Amino acid sequence: MSRDARRFLRMSYLVASVGGVLFFAMSVALLGIWPGRVLEDETRSMSPAHPLGLTVSEQRGRIIYGREGCAYCHTQQVRYLHADMARFGAPTLAWETRFDYPHLWGTRRIGPDLAREGGTHSEDWHFAHLFAPRNLVPDSVMPAYATLFDGSPDRPRQGARDLVSYLDTLGRARELAGPEGEAHARAACNCPNDEMAQMAFHAAALNVNPARTRRQGTSPKLPAAGDLVRGQQLYAHNCASCHGVRGEADGPGTAGLHPRPANLAGHEYTVDRLGYVLWNGVAGTAMQAWRDLPAEDLASLAQVVRGFHVAQQEPTLPANIVDLGAHVYTVNCAQCHGEHGAGDGSAVAELSMTPADFRGARPSVAESLRALRNGVEGTPMAPWTGRLSEAELSAVAYYVRGFFQGAQ
Amino acid sequence: MNESANPVAAPAVETRLVYAHGLAAILTLLISVTFGILASLELLVPDLAGNSAWLSWGRLRYDHTQGIMLGWLGNAFFAFLYHAVPLLTGRPVTSVRLGQWLFGLWNFAVVVPGWVLVLAGFSQPLEWAEFPLVIDAFVVLALVLAIIQFLPPFFWRGLEDLYVSSWYIIGALVFTLLAYPMGNFVPELVPGARGAAFSGLWIHDAVGLFVTPLALAIIYFVIPAATRRPIFSHFLSMLGFWLLFFLYPLNGTHHYVFSVIPMNAQIGAITASALLGVDVIIVVANLLLSLRGSGVFPRDVALRFVSMSTIFYLVVSIQGSVQAQMAVNQAIHFSDWVIGHSHLAMLGFATFAAGGGLAHVWQRIPWARYNATALEWSYWLLFAGVILMVTDLTIVGLVEARLWQSAAPWLESVRAARPYWLVRTGSAIPIAAGFIALLAGLTTGPRGAGLQSVEETIGLKPVLEIAPRLAATVSEAS
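Chains X and D supply the protein sequences, listed in that same order.
In this text, residue positions in the first sequence follow our numbering: the first is 2, and each later residue adds one.
In this text, residue positions in the second sequence follow our numbering: the first is 33, and each later residue adds one.
Read the hints as simulated data drawn from the structure, not as lab findings.
Be careful, since some hints might not be right.
DEER-style ranges, computed between Cβ atoms [as the list claims (entries may be wrong)]:
1. Leu-173/D / Arg-45/X: 34 to 40 Å
2. Val-77/D / Ala-84/X: 27 to 33 Å
3. Ala-44/D / Arg-45/X: 57 to 63 Å
4. Leu-76/D / Pro-180/X: 54 to 60 Å
In silico negatives: residues of chain D with every beta carbon more than 10 Å from chain X [what the hints assert, rightly or not]:
5. Arg-48
6. Arg-260
7. Val-347
8. Ala-465
Facing chain D, from chain X, some residues (calculated, C-beta under 7 Å) [unchecked claim]:
9. Phe-24
10. Tyr-102
11. Pro-316
Given the structure is predicted, the values throughout are model-derived calculations rather than measurements.
C-beta atoms are modelled at their ideal positions from N, C-alpha and C, and glycine is treated no differently.
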């Protein structure tokens, strides 16, 4: 090889080496630094002025979430896609992730996305679920994190408390920003013609997760009859773990839930009431909503649930007992349960959850007495044994059954 | 190896370092595979780990991939480099002592403590970067030592007539060192979506700048050495090399399509992903043309491993180009399809290259045991296992994607996946057996049987033949 050729070669290798480093630098600039600057600007302009960060406990929970690899089954990133939005809510905005050191976006979904998990499930549900996932969600493949507990879901160690408090923060900042926050972000985005960017701002889509409970909401009118076989299959897959195979609230999931799941066999339900509960869940309890199921499936489930109840011979009560029950009810119960037993008393707004609606669900006398005597743990319903006599308890237990509007 | 006909004295290969890294590679491989099998079993029997936090799914998952990348592939690549660098440059590596330090550091300051720390609950939740920060520091140190160990021989020699494997080796070592902090350090300092952009870079660079170039260096090295024919086209080699180093790093953001990361970056990455498929076609065409006449299943088992690796490389890359496209990505992203894809890359392409590379260098260690029958078994078991696993995961990915698009409750997708997950765990049987056979192939059998098998299959020739023009250059220089 001639000397000139060698010199040329040496130069070309030098040029190539510099070029190689430049390739790499370019990738960092184009896919790291430049997007980073855009995202930083977006964060600055679209974020509320003082988004809520994490408390110390929530930060510790985040570390546990990271160390256990939660992000490797549960993403924290709702994509700008209708399929994602239908399940998990509004797409994740940059500012929502501003405190995530490091990010926990994930690239695999074995379980559902958790970007908007906060407020979707109750604390007791999370504890029971972390302790023994399959007690609540049969066929789940999530590992049990019993090591975060002291032997039972009722006795969470600090780690479990931290983790659950962290889970409850997911999506919180955006939710707290409220409609004003959304409007601010939308204005800052200034992207009226960018169809994809606009997807993030559908007000109704923010927390559209079909499992998320709603304290107030509408529900579809269910057909009166459903497919019993389909209903039984759905019940076995989704309900029996808590409500029990015969609806007697004795499933494995009852451990650790406060309040305990409803005793379905001990109540007579209207189809409308079941439709409402299935569609909206029971806010403040572990009963999640099932808006991902079509109305026919819900009707099938309602039919299964109604079938658990065994009709009782209604005794004819003497007028004085009825009067006593009415009196006790008006004085002690109506503020919460409402004058007509619809769970709409004057105190409802102050309560952590909606009181029982006797028009849509008629408890058996035994159920009713049990609630009166013991209260309902985990709800504002207190025990009444000290305050009411046995005769009064009995009378009101019968009385509330009279509100039911579904009797044949 | 020291044939008197050879005008050049064979450069000293530190066979003990080759052997040490090779053995460490297979042992860490078996451990990493155990992590993977346990993790896959826990998807079928979620309470398998009982109350043991150490064996919970997330931690096993971390250790599985980190062990494969750093333990198995890292060690296998080092073993190959100790063999290839002296042969490519005609000069020994920098220092045997340094090699001992590198070996100790890599295995006893990175892989083993990394595993233990992850199991004990010290890790970082970043893909391909799960070992905790303290371990990352040792990885960076080890990468610096590797550069000091392996690159000077290339430069002492002068860069004329550098064979393509040399380019890949230099590129891989330099750019891995540059890319490693992107995924391991930056997301700890830069939050959320911004950090994810850097994570995306590293997720792809780990495969594109570390695994792929070194696997290709092996393939480009073994093919001419084992076929005793020069590579088809040095021009295509270099074209493929430069396109690879241009395009691979630009792919990163395709891990976050439809995210809040600026759409222009996403589209750029998706375009680069498509172009990367074109580059791989160039590379693979060159390799397959170099292999012509050897058949799909060459007699030399090392060559057979790398030739199948080449085919896996083509398939996985075309698949990658397709799945980065928005229409496909929106459906299959987050599903088992991608797990299938990554196994086709790491278990198909990279592992077959590394396994072929190990078999090749083992054949040329005169005192090493070598069991050709076991290697035959290894090849066929792994081949069957990979095909079964990847096919299965690809199908279940489509099943999951379909259910996610529907209104079915989330758990339906988990229920639907379980029979496929059972098959996936089943595929671990041939795969694990194949790896045990690989271990047997390199630790049992008569000493020196490797050289004998080379003689039987392709005939014994000095190894300098791999870069045909190299011998001339070296002799000219000496």
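Checklist entry - Hints broken by the structure, by number, lowest first? => result When the structure is compared with the hints, numbers 4 and 11 turn out to be violated.
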